[in-house]
Each structure stands twice: as C-alpha cells, then as structure tokens.
Amino acid sequence: MIYVICRGLLRLIYAILFPLKIVGKENVPKEGGVLLCANHISLLDPMTIGIKLKRQVKYMAKAELFKVPVLGWLIDKLGAFPVKRGGVSKESIKTALNTLRSGHVMGIFPEGTRNSDSGVAKKGAASFALRSGAAVVPAAIIGSYKPFRRMTVIYGEPIDLSSFAGAGSESLEEVTDVIMGRIHEMSKTGKPSTK
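First residue of the sequence shown? That's 1 in the UniProt record's numbering, and the numbers climb one at a time after it.
It is possible that some hints are incorrect.
DSBU-like cross-link-like pairs, simulated, lysine-lysine; straight-line CA separation at most 30 Å [what the hints assert, rightly or not]:
id	residue 1	residue 2
1	K191	K146
2	K94	K146
3	K52	K195
4	K188	K25
5	K188	K54
6	K122	K67
7	K52	K84
8	K54	K67
9	K67	K77
10	K77	K30
11	K52	K122
12	K146	K67
13	K84	K191
14	K54	K21
15	K191	K67
16	K122	K146
17	K67	K188
18	K94	K62
19	K77	K62
20	K25	K52
Keep in mind the hints are simulated off the structure, nothing from the lab.
Working from the sequences, and respecting the hints, build out all of it.
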C-alpha cells in the first residue's frame, strides 16, 4: 500500500518536473522473474525506470543511502535492499537471486555507477541473469533530468540468452556485452530493441 502511494506521488512529481515518455512498456513480462537492465545517468534512474510500470521494481542500493533521512525510508518502501560499499556480499547476492526466482522484477544498472558516457559494464547483471533464469529486459533512459524537460524510457524485448544455458563464468563477459549492446542500441535509435 505504501509503495502504491509513494509511486503515485512520484508520478505526480515527475509529471511536473520530468514528463516521462514511455516506449515499449508491453515488453516487460506481466509475471515471472524479470531482470530490468538499464544505463545509469542519475541517482533518479531507479525511480525513473520503475514508476510507470504496474509491477514493483526492486533494487540493490548502497547501504549508506538507507541512513539518509527521508531518502532511506523512501527507497526502502520502494523496494530497495542494501549493499555494502566495496563489493556485493554473499547475502546481497542471495537476496537478489531469491527476488528474481520468487517472480519479482529487479532493476540493475550493469555499469555499476552513474556514467552518461556508457563506460565499461560489470558482470553482475550477467551473473544474475544466468543463475536466476529470469527474463532479461533492456531499458534505456534518455534525457538530462533538466526541470520541465521530457525524459524517455524505452523497454526492449526480453533478450534471448538460451544459447548461454549452462554456461559458466567464462561467458559472463559475452552476456554483459549482449545486454549493454541492446541498451546502447536503444539509446541511439530511440526505439525498442528486438530479439
């Protein structure tokens, strides 16, 4: 209930400050585990890729953010769970995999940190994708978060990773490249990517 109220308030704030254009929302499966992978340009990105979806999107967030007044409470209610600085703990990995295997949507930013120049991505998203069996949906956030300027979020079709079934850690870099390639493609074309 609190999530629905917070999402409603955020939708109102966004409608005024950062009007959102959503493209390809139908590409996000209506049920089952979904790993939503997006580029990362701002601290606002987690809210941006999730507030227009009917399904709640859960996230990993730096543990320090949960100690910030109001923000900590908000991100907790919006479905975030803490990750300690300096690396992802076994507990965080377990929480993430359980989230996906339980049929929830989890948002992740493969680049790890905010990077508008689309830098080198980490392999965490690829690892979660292969280990959980969740659908992998690429998302591209386009815009600059300047007040009263439109932001665009594009959701691509789920990525077919069946050719990597049973693959080990040696395939993580290749899977990461596939995911980031789809995100970059959508960022450039402004259109949802296909399988």
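Taking the hints in turn, this is what the structure says about them:
no. : hint         : result
1   : K191 to K146 : holds (22 Å)
2   : K94 to K146  : violated (37 Å)
3   : K52 to K195  : holds (23 Å)
4   : K188 to K25  : holds (18 Å)
5   : K188 to K54  : holds (26 Å)
6   : K122 to K67  : holds (26 Å)
7   : K52 to K84   : holds (28 Å)
8   : K54 to K67   : holds (28 Å)
9   : K67 to K77   : holds (14 Å)
10  : K77 to K30   : holds (21 Å)
11  : K52 to K122  : holds (27 Å)
12  : K146 to K67  : holds (27 Å)
13  : K84 to K191  : violated (35 Å)
14  : K54 to K21   : holds (16 Å)
15  : K191 to K67  : violated (38 Å)
16  : K122 to K146 : holds (28 Å)
17  : K67 to K188  : violated (37 Å)
18  : K94 to K62   : holds (16 Å)
19  : K77 to K62   : holds (15 Å)
20  : K25 to K52   : holds (9 Å)
Violated hints for the displayed structure, listed by number in ascending order: 2, 13, 15, 17.
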